[in-house]
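J.: Could you fit the two chains together into a complex? Lean on the hints.
As a plain string of letters, each chain reads:
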Amino acid sequence: MDAGRHPLIDVVTNAEVIGCSGEPGAFRVRVRKNPRYVREDLCVACGLCVDACPQVGGNEFDVGLKARKAIHRPFPQSVPAAYAVDRDACLNLLGFLSEKQRKRLEKMRKVKQRKQGDYRAAPILVCGHCSDACDVDAIDFDMRPEEFEVDAGAILVAVGFREFDARKLGNYGYGRFPDVVTSLELERMLNASGVTQGHVIRPSDRKTPERIVFVQCVGARGEGGRGYCSRFCCMNAVKDSMLVRQHDPEVQDITILYTDLRAFGKGFDDFVKRSHDEQSARYVRGRPAKIEHVAETGTLEVFVENTLAHEQTRIEADMVVLSVAAAPNDGAAELAETLGIELDRYGFIARKDPAVSAVETSRDGVYVAGSAVGPQVIPDCVSQASAAAARAQRYLTGHRFEEEAVPVEPMDLSGPPRVGVLVCHCGVNIAGVLDVEELAAYAGTLPDVAVAQTHLFACSSTGQDELVELIRDHGVNRIVVAACTPRTHEPIFKETCARIGFNPYLLEMVNIRDQCSWVHAKHAVEAQTKARALIRMGIAKARHLSPLHEGEVPMTRSALIVGGGIAGIAAATDLAVQGLPVTLVEKTDRLGGRLAQPNLKLLYPTMRSAQEVLDEKIKRLKKSGARILLNTEVEGVTGFVGNFEAKLAGAVDERLAVGAIILAFGADLYEPGTEYGYRNRDNVVTSEELERAFFGDADTVDIEAFCARPDGAEPKSASFILCVGSRDPEGFSGCSRYCCPTAIKQAMELCRRGIDTTVFYRDIRTISTGAEEMYREARGMGVLFVRIPPGDKPEIVGKKRAEGVRCYDDLLGREIEVPTDLIVLSVGMKPRQPATDSFHDMLKASVDLSGYFLERHPELAPVETAVEGVFLAGTVQGPKDIVDTVAQASAAAAKASVLLAFDKVKLDPMIAGVSREQCRACGACVDICPFHAPELVEENGVVAARINGSLCKGCGTCGSWCPSGAITCEHFTDRQVHAMIDAFFEPEPCSDVRVAVEGQVVT
Amino acid sequence: MSATRSGNSRPARKKAVPTAKGAAPTWNPNLVVFACNWCSYAGADTAGVSRIQHQPYFRLIRVMCSGRIQPGFVLRAFEKGADGVLVSGCHFGDCHYVNGNERAVEQFKKTMDVVKLLGIDEGRLRLEWISAAEGARFAQVINEFTDQVRALGPSPLSNGRQAADVPAVKGVAIDG
Ligand code: FES
Chain A
19 MDAGRHPLID VVTNAEVIGC SGEPGAFRVR VRKNPRYVRE DLCVACGLCV
69 DACPQVGGNE FDVGLKARKA IHRPFPQSVP AAYAVDRDAC LNLLGFLSEK
119 QRKRLEKMRK VKQRKQGDYR AAPILVCGHC SDACDVDAID FDMRPEEFEV
169 DAGAILVAVG FREFDARKLG NYGYGRFPDV VTSLELERML NASGVTQGHV
219 IRPSDRKTPE RIVFVQCVGA RGEGGRGYCS RFCCMNAVKD SMLVRQHDPE
269 VQDITILYTD LRAFGKGFDD FVKRSHDEQS ARYVRGRPAK IEHVAETGTL
319 EVFVENTLAH EQTRIEADMV VLSVAAAPND GAAELAETLG IELDRYGFIA
369 RKDPAVSAVE TSRDGVYVAG SAVGPQVIPD CVSQASAAAA RAQRYLTGHR
419 FEEEAVPVEP MDLSGPPRVG VLVCHCGVNI AGVLDVEELA AYAGTLPDVA
469 VAQTHLFACS STGQDELVEL IRDHGVNRIV VAACTPRTHE PIFKETCARI
519 GFNPYLLEMV NIRDQCSWVH AKHAVEAQTK ARALIRMGIA KARHLSPLHE
569 GEVPMTRSAL IVGGGIAGIA AATDLAVQGL PVTLVEKTDR LGGRLAQPNL
619 KLLYPTMRSA QEVLDEKIKR LKKSGARILL NTEVEGVTGF VGNFEAKLAG
669 AVDERLAVGA IILAFGADLY EPGTEYGYRN RDNVVTSEEL ERAFFGDADT
719 VDIEAFCARP DGAEPKSASF ILCVGSRDPE GFSGCSRYCC PTAIKQAMEL
769 CRRGIDTTVF YRDIRTISTG AEEMYREARG MGVLFVRIPP GDKPEIVGKK
819 RAEGVRCYDD LLGREIEVPT DLIVLSVGMK PRQPATDSFH DMLKASVDLS
869 GYFLERHPEL APVETAVEGV FLAGTVQGPK DIVDTVAQAS AAAAKASVLL
919 AFDKVKLDPM IAGVSREQCR ACGACVDICP FHAPELVEEN GVVAARINGS
969 LCKGCGTCGS WCPSGAITCE HFTDRQVHAM IDAFFEPEPC SDVRVAVEGQ
1019 VVT
Chain B
870 MSATRSGNSR PARKKAVPTA KGAAPTWNPN LVVFACNWCS YAGADTAGVS
920 RIQHQPYFRL IRVMCSGRIQ PGFVLRAFEK GADGVLVSGC HFGDCHYVNG
970 NERAVEQFKK TMDVVKLLGI DEGRLRLEWI SAAEGARFAQ VINEFTDQVR
1020 ALGPSPLSNG RQAADVPAVK GVAIDG
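Protein sequences appear in the order of chains A and B.
With the working numbering applied, the first sequence corresponds to residues 19 to 1021, in that order.
With the working numbering applied, the second sequence corresponds to residues 870 to 1045, in that order.
In case anyone wonders, no lab produced these hints; they're calculated from the structure.
Treat the hints with care, since some could be wrong.
Derived contacts from chain A toward chain B, CB cut-off under 10 Å, selection only [as the list claims (entries may be wrong)]:
hint: 1; residue: Thr503
hint: 2; residue: Thr506
hint: 3; residue: Trp536
hint: 4; residue: Ala539
hint: 5; residue: Ala545
hint: 6; residue: Lys548
hint: 7; residue: Lys971
hint: 8; residue: Cys973
hint: 9; residue: Cys980
hint: 10; residue: Phe990
hint: 11; residue: Met998
hint: 12; residue: Phe1002
We put the CB at the ideal spot given by N, CA and C, even for glycine.
Next comes chain B alone, as it looks inside the complex (with noise of 0.2 Å):
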């Protein structure tokens, strides 16, 4: 099965060209952002309204705190084939709920461990803080780490998934 990156309705700006096998020049990961509702959720929001661009290769997903982020979701993201895993919070002294990102990092260290077990490079997981006023920031994180995904190449555990977010469903690859 050889899915590439393929364009969607409007008119392609940038066409897909199928490459041949082997590591595609264009690669881009799968990234899965885990952030907290009162700074790091805020802080992309912030990116946005001072429309700072950034790459756009990673799917965020909302939580109330940082704290909640157990090594359970992180793990399942990789599972599902996730290249690189960026969990983010408030910083230190700023989470809404007094010490919620204490827990996250001990949460994070935990599933550090059982990541470099599993044999995924650590450079696939990482943990920021980014206030509500750092667009800038986040937008800077989010480069770095999808530069610093790309360059360790698609994951062990992505099956082979080549491009961001294609799926491949009956022998039709469709973007999306």
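Extracted from the complex, chain A is given alone in its bound form (with noise of 0.2 Å):
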């Protein structure tokens, strides 16, 4: 939706990329645009050709359960909100016809053309339904294909999946039975606006299934040919049943028929386990051998061994729910060679390493995002696109988009009110409905109107010239505008006001389109009523109205970035490649953090040295032009977005002036104290020190005697134990990401040296690209997997040292004990301290439970922190590995960038203000604000609160919060919504006779 509204964004739609040439900076794609034949400048998306339109065709969004017309809106929210026909749907294009009509058609039009002599001779219209139905003449059957060329200085590929095509394993019965269904086809029953209205429904009867069963990984680690894990489909499952159970109290029986439960992200281990609390759903260890149907009952019966109770089980289901893996898109590989990217193994799009940077693919200036890459999350898909956009950031450089600023003369507008009302018919969107004349003579009759009148589509460019004119000839200084939903329409004529100097912010408009006519269309008399009601409540608060204007704060263009680990260097090097004064603080004296030696040897997946990849971004970072400075701490920060002043002490001793600040110091890793014994007993370690153990003598590792047994004799076995310090319910309750997949890839490296490994988990969670794959290989390899209940901890065996690991073996489904020479604790990750806590005092940005940043939203703003101009990157967001990490922090570069791209801050003007006189200094604004915009301030010995304006996002909850009524929240003042709510009760006195009609009474 912003993005379609967006002034720098042309959204093409329906068309693909059909060629690509130059190079990064200058490339020119050709676009092929095919017809929609709906055209879109002139729909108003009113939906009437969809009621006249007598064909059905299918439907891809509400995955077949529902049928759509030939022209149909693709989904309620499309951009653009155009409609589109059906190519293969619609009577009048071909795909529709048999082969036979098809000719006899062609001829026709043949003879028609050769007669007029017109090569685009209007085609013949077996159908016309829909172009009568159509007021504004909007439907066009002569569109052709269109092609074009854009200029482009970078590419960012965002193709995204295609599920996997569950037909495929024919086991599942996808496709013959209808009620086994598919993730998503159960997630548009679900959806409340979807197909059933979140009702779930069995496709064979549409009736209530009582048992449903979630099948997982269908097409995914290791079936159908894929190896990877498609990561969203576990907690996908876990919040469906909650879903499904929430909305149908018939469903008395779910079951999640799982391997690993990956539960990976910020919270999620806590949603899964609140699932366990309520009962949601039955965990079921086990990928079923088939599905079959009961043909007498009707019912289907999953077989699957069930792997911790090691039985054979049948499981009883009225549906059967398979939770599909992502897949690469159709059409992933043509534009892939169009563009000339590399794929991966699978057909998606590949990465030159993703520990470099996770958006770059193998030709310079085209980038990608989201799931094009592989199955991703959405807050890791939004971080991508963001990261992508920084990278492409590069190569626009010079293309800075510059504001015109064509002053215009404020309009006088004082006086007391004369609104002008304007009432959109919107074609028969409202007329249809209500009677759009007698609202406007209405109107006319209370008090300060001065004009009201009505237009056939007051939003068309006939529409804002009629309200330029009315603004003119009237004289007035209030608009009410009677039409849709301001959410998408106040822009426009917010815009059309500010040109020609009527501020914008003596604009109301009544939403009578949405939330009247669309939604009372059986109700005309009581719509009429409630639209009038709106009106009138609309102009009551449009006489309260006072013109705003937008303020302003310089902006210093330059960041400071906190931390010289991976996400410092990644973060900083995007922002000073874009010519930004950037300043990279580090504390110690070196770069890299926990990629430098000795603390990492090799990177998982791709088992490149770290110490490669670091180098590569360092060398990138000094080619930027970003300042560093080692041995230097940030002692104290004042200020806010774009007048940050940071004092620096060490190296350097300075006051800094910065527009933005990313945070990029980190996490430590999890002190295991004397769990397991750790202090005492020798051959007890951490991941983290047997990693620097790899760093022996280069080549000639010398693990060995890491591990020599005191007898001198050579270590036969290792072991693992991991999510120490993670997934504990006492302690961090959260996932720590990284720590499965690098113990798997230790344990290959011990293996490879000819020592017996085993793993203690509880659940493998290899989400990362390639991760897998790792795990399926060292599997093969002959390293042991044990798991172990979720709520247990293993036992170490032996007094001084640790001579073996004893534990309940969840596949056994008894007690063993391993003997071990060494035991690895895979620790987790905890925040960073007292880093964390001093810089949450400093900038007042929050943090969450566990103690990490916390992020404004996790998926539409994963980077940014409630304190504008404060961002995120790396691990002082949570826990991560080292891909997601240089994702985020190029996200979060890309953020800052777009602060720092003017010389100014605009302020909102629709936020609070205090009254100093009325204030009494007692600090409620200040502790419930969550974006620090009040301070209580002195100023001629009286204390008193201040909003500062640039950090005020104008919710107004402080205004409400006031308990002197000392704060104004412009633009929603009480005193504009007491006008509204008395406007409703005691309309004004009407002294036109003609709203006095049939139907009233007298007393």
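T.: Here it is in structure tokens:
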């Protein structure tokens, strides 16, 4: 939606890329736009054509669960909002016709062409219901595919994924049994505005299924030729099972058949725990051998071996949901060929080296984001998208958008309110239900209304002209537009107002379409009454509106990056290459953090040397021109977005002015203390210590000495214990994400040296690209994996030295003891202290329950904090591996660069303000504002709150919280809201008798 | 003063029948709905886009965040004669302003206490979280709430106002 409205974004839908030439910075991309047969510029998305269309076609969005007309809107929030004609279903388009009909029609057309001598003679239309119904003549069957060229500095591939075709796995019966559905189909059912309005139904008889079985990893982790893990399905199944339960109490029994429960994201484990606590689903570990249909009962039977209970079971189900994996999208391969980029072995877009950059493809200037590179969860997709944008900006500098400032003389709008009202017909969208003329006439009778008019389409260009005329001719100083929703159309009207110098904040929109005529079509009388009331309320508010002016504060166009690890390096490089002054501050005497020697030897899954990757990144950083300050710390930060001042101490001693701050100081590793006898047993080490041991003498790693036995004999065996310090209800309840693949990598290394290795795990969460394959390889090599029940901890045998590990083997179903010469604790992460606390204090950015910095929104704003101008990169936000860290760092850089692109910060005037006279300096607003906009300041001996306009987001919460009523929330003031309430119940006297009509009752 | 619901200038499809004294069988409540811009107001729009029909006796007032909805707004609505007030916002964790809706809950509790003190049935005040995608839920909440308040009858503060939005001006009952 936002993209569709953005002045700098052209959205071309229904299009494909058919050619690409040139080089980074100057690509020429050939695009073919396929006709949608509806003119986007004319279509007002009223839906009349759909009512008229006689033809029903397939429906890919509602995954075949609901029929769709041949002319349709792909989905309710689509951009552009225009409708489109389904090529395969429309009677007018050849796709629908049989071979014979097609030939005949072609022939008729040829004849017509010859007669008229025009190559583009209007086609003979078989059906014209939609064009007849359309009020704005938007339907055009003459459209042909159009080809055009686009100049581009960089190309970003975000083609997403397709779901795996479960038909390929015949044993699951998808496609044969109607009641075997995919997770996507279930998702559409659960959607409140979807096919079944949120009810789960069994496709075969449309009844609520009582027993549902979820099958995980369909088409993933080795099935259907795909080795990878699809990342999102586990959580999706858990979430869906909870939703189903909430929605349909008739569903008695939900079973989830899983292999490992991969709840790796922030807060995911807590979510799974909730599902366990609420008993929303029964979890059974196992993959079904087959699913069969029982003809007598009409139900399904799932044959599965419960690998924890060691029994072959048959689970009866009314419906089976297959959690299908992500597969490369259709056309990804062709696109890759056109763009000249490489694919990985599954057909996803390949990246050069995800540890160096999460978004670089094999071709310079072409970037990739989201699930085009393989399955991703939404927060990671969003981070990557921003990262890709950051990298792309490299080739766009010089193309920077300069704001054209056309100065307009502000109009004089003083004096008592004179309201101009414009009521929109919106074709028949409004006028089909409401009597628009009557509404305007009614509005004309209300006090202070100078003029009330109607327009067929107020948002069209003629409608805008009329608005201008209305303002100029009638000398009005308030505008009320009664039309559709302000959420989509207010910007259009505001822009028109601003263009002629009419303060746009003197405009009020009244929603009589989306929230009136569309939803009360069956109650025309009541709808009319409601529309009148809404208009009356809108006018009442408009009378109390006051002109607002956008403020500005200067922006210091430079950034401070705190931390010189991989995240800081990546963020600093991305910003500095754009020519922005960047200062990177590192506490220690070297860059690289955890990647630098001797911390990390090889990176999974590429097995590239960490040092090599780091060197490459540092080289890029140095070239970028960023200022690097080693041995330096940030002692204090004051100020706000655009105007921070950081006090640096150490190698330099200075006060640095910056516009944005990126926190990238990483996380600490968990300290096991006496856990597993780490302190007092020599041969119990952490994964970090083991990694260091790998750096012996270059090639001949001295690992043997590291875990040598006291009697001098060669070590024979080693054990890894996973989730130390993670997934611990008493400590950090989340997943540290990096430890599973790291442990596997290390285990393989030991295995190669002839040491028998056993890994004790709860769930193996090899979610990152290539990690699942590595897991399989490790199993193949002979690394032993022992699953322990989630609540248990393995026990260490031996007094002085660890001699073995004793635990309950979940898969064998009994207690086992494994002798071992070395125990490696795979330690999780924990928030870095005291840095987290001190930056939390200095910047007021909040931290979550686990102590990591809290992002503003997990999906919409994963790298922003609630404090404007402060961004998060890497593990300061929560545990993640190197690839995800690098992606997030680039995303943070992208977000910061958007701010830093301008030399001023524009301030929205719809914010809170304090009346110093009324303020009692109680500080309530200071306490509750998550953005830290209010502060108490002393002026002339009086203490009162002041709201910092560059921090205030205009939610108005402080306004309602203030006990002395000292805070005004502009555009939503108490007075304005009260006026609306009053206007609902106390209509103004209506002097005009026109409104007193039939149906009224005289007392 | 006995005002009844009336039609409008269009040929009235449903003619209002002046009812005898006492409870009118077709009594419809006056409801005020407060909604935050980002979720519940958007949810109401979604109901529109999907044409999910619901009862038309409420008037929606948009604020940026549910945290803005202060007790004064709700009480004023009751004072002016509202039969029911619905406060709505984003689901927890979804608020555009981090935690405005958590504040809204606190405000709501305070408001509820006053409302009860005033002798207004607590069934007349309700708090709901509705997301931008939940058009159907918006419609359902409106329908439920309308029925719920209808069953309670006119608010004791409504001054005998009987039907949705019927003003009585200069002896003439005019709709709207
Ligand atoms: S924005 Fe919806 S509740 Fe805060």
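J.: Evaluate each hint against the coordinates.
T.: Okay, the hints, checked on the actual structure:
1. Thr503: Since the shortest Cβ distance to chain B is 5 Å, the answer is holds.
2. Thr506: Where the cut-off is 10 Å and the nearest Cβ of chain B is about 8 Å from Thr506/A, the hint holds.
3. Trp536: Holds - the Cβ of Trp536/A comes within 10 Å of chain B, reaching about 4 Å at its closest.
4. Ala539: holds (7 Å)
5. Ala545: holds (6 Å)
6. Lys548: Since chain B brings a Cβ to about 5 Å from Lys548/A, closer than 10 Å, the hint holds.
7. Lys971: Check passed: Cβ of Lys971/A comes within 6 Å of chain B, closer than 10 Å.
8. Cys973: holds (4 Å)
9. Cys980: This interface hint holds because 9 Å falls under the 10 Å limit.
10. Phe990: With Cβ-Cβ at 5 Å, under 10 Å, it holds.
11. Met998: Holds, because the Cβ-Cβ distance from Met998/A to chain B comes to roughly 5 Å (cut-off 10 Å).
12. Phe1002: holds (5 Å)
Hint compliance for this structure: every hint is met.
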